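Per the working numbering, the sequence shown runs over residues 1 to 140.
If you are wondering where the hints come from, they were derived from the structure by calculation, not from laboratory data.
Do not take every clue at face value.
As the list claims (entries may be wrong) - Below, computed lysine to any residue pairings styled on SDA-like, alpha-carbon distance capped at 25 Å:
#, residue 1, residue 2
1, 134, 101
2, 76, 64
3, 75, 89
4, 76, 66
5, 124, 114
6, 23, 46
7, 23, 52
8, 124, 134
9, 106, 86
10, 75, 61
11, 76, 96
12, 101, 121
13, 75, 62
14, 75, 64
15, 134, 94
16, 106, 117
17, 101, 86
18, 23, 42
19, 76, 57
20, 134, 123
21, 76, 87
22, 124, 101
23, 101, 89
24, 124, 108
25, 75, 90
It should be emphasised that the depicted structure is a prediction, and the values quoted were computed from it without experimental measurement.
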Amino acid sequence: MHDQNDTHPQSNPVEAGPQLNAKENVERIRDIIFGPQIRDYEQRFYNVQRDLERLQQELDHLAENLTDQDTDQNKKLQTLRRDMRQSDDDIRNELRQTANKLSFDKVDRVTLGELFIQLGNNLKSGDSLVDLLKSLSNSP
1 MHDQNDTHPQ
11 SNPVEAGPQL
21 NAKENVERIR
31 DIIFGPQIRD
41 YEQRFYNVQR
51 DLERLQQELD
61 HLAENLTDQD
71 TDQNKKLQTL
81 RRDMRQSDDD
91 IRNELRQTAN
101 KLSFDKVDRV
111 TLGELFIQLG
121 NNLKSGDSLV
131 DLLKSLSNSP
């Protein structure tokens with residue numbers, strides 16, 4: 001029959017010592033052979049990770065700035081639209097007033113033209129200036 005020490009060789013302190021030493025030796029040899037390369041890769045990985053975090057922070061900052069600028073530009077655009085609508089309304093009102101005034105002035109010019117025609121006719125017929133003024137005062 002087998003002894004319990006045979007099934008679990010590490011449980012025996014005498015046998016565990018050489019295995020630990022062998023394992024430590026393998027680790028030392030691995031560190032001697034691959035250590036500088038592993039440390040170099042670890043440093044590179046650390047640098048890449050640090051750069052990535054810095055770039056992520058910068059990207060977040062730029063995204064926040066872009067959002068702020070977008071909001072600011074939208075506000076300016078709304079203000080510009082409102083100002084343009086107001087200017088458009090003001091110009092339209094001024095055009096209406098000018099058109100109304102021109103229509104009114106045109107009526108006055110028509111009346112004035114009729115008066116000049118009447119004056120011309122009176123002068124042509126030889127009527128006196130007094131008769132002309134009387135006829136003008138009787139005109140509507």
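Against the structure, the hints come out as follows:
A hinted pair counts as satisfied when its Cα atoms are at most 25 Å apart, and residue 134 with residue 101 does not qualify at roughly 30 Å. For the hint pairing residue 76 with residue 64, the CA-to-CA distance comes to about 18 Å; that is within 25 Å, so the pair holds. This hinted pair checks out: residue 75 and residue 89 have alpha carbons roughly 21 Å apart, not beyond 25 Å. Proximity of residue 76 to residue 66 is assessed by CA-CA distance (about 15 Å); at most 25 Å being required, the pair is judged to hold.
About 15 Å separates the Cα atoms of residue 124 and residue 114, which keeps this hinted pair within 25 Å; it holds. As the CA atoms of residue 23 and residue 46 are separated by approximately 29 Å, the hinted pair breaks the 25 Å bound. Restraint check for residue 23 and residue 52: not satisfied, since their Cα atoms lie roughly 37 Å apart, outside the 25 Å limit. Restraint check for residue 124 and residue 134: the C-alpha separation of about 17 Å stays at or below 25 Å, so the hint holds.
The suggested pairing of residue 106 with residue 86 is violated, with an alpha-carbon distance near 30 Å, which exceeds 25 Å. A C-alpha spacing of about 21 Å is found between residue 75 and residue 61, which places the hinted pair at or below 25 Å, so the restraint holds. Between residue 76 and residue 96 the alpha-carbon distance is near 30 Å, which puts this suggested pair outside the 25 Å criterion. Restraint check for residue 101 and residue 121: the C-alpha separation of about 30 Å exceeds 25 Å, so the hint is violated.
With a C-alpha separation of about 20 Å, the suggested pairing of residue 75 with residue 62 holds against the 25 Å cut-off. Between residue 75 and residue 64, the direct Cα distance comes to roughly 17 Å. Compliance with the 25 Å bound is thereby established for this hinted pair. Distance restraint check for residue 134 and residue 94: the Cα-Cα separation of roughly 40 Å exceeds the 25 Å cut-off, and the hinted pair is therefore not satisfied. Between residue 106 and residue 117 the alpha-carbon distance is near 16 Å, which keeps this suggested pair within the 25 Å criterion.
Taking the CA atoms of residue 101 and residue 86, the gap is about 22 Å. The hint holds against a cut of 25 Å. Pair hint residue 23 plus residue 42 holds up; C-alpha atoms about 23 Å apart against a cutoff of 25 Å. Taken as a hint, the residue 76 and residue 57 pair is broken in the structure, with Cα atoms around 29 Å apart against an allowance of 25 Å. Between the alpha carbons of residue 134 and residue 123 the distance comes to roughly 14 Å, so the proposed pair stays at or under 25 Å and holds.
Taking the CA atoms of residue 76 and residue 87, the gap is about 16 Å. The hint holds against a cut of 25 Å. A distance of roughly 34 Å separates the Cα atoms of residue 124 and residue 101; the hinted pair therefore is violated under the 25 Å criterion. Pair hint residue 101 plus residue 89 holds up; C-alpha atoms about 18 Å apart against a cutoff of 25 Å. Taking the CA atoms of residue 124 and residue 108, the gap is near 24 Å; set against the 25 Å cutoff, the hint holds.
With a C-alpha separation of about 22 Å, the suggested pair residue 75 and residue 90 falls inside the 25 Å cut-off, and the hint holds.
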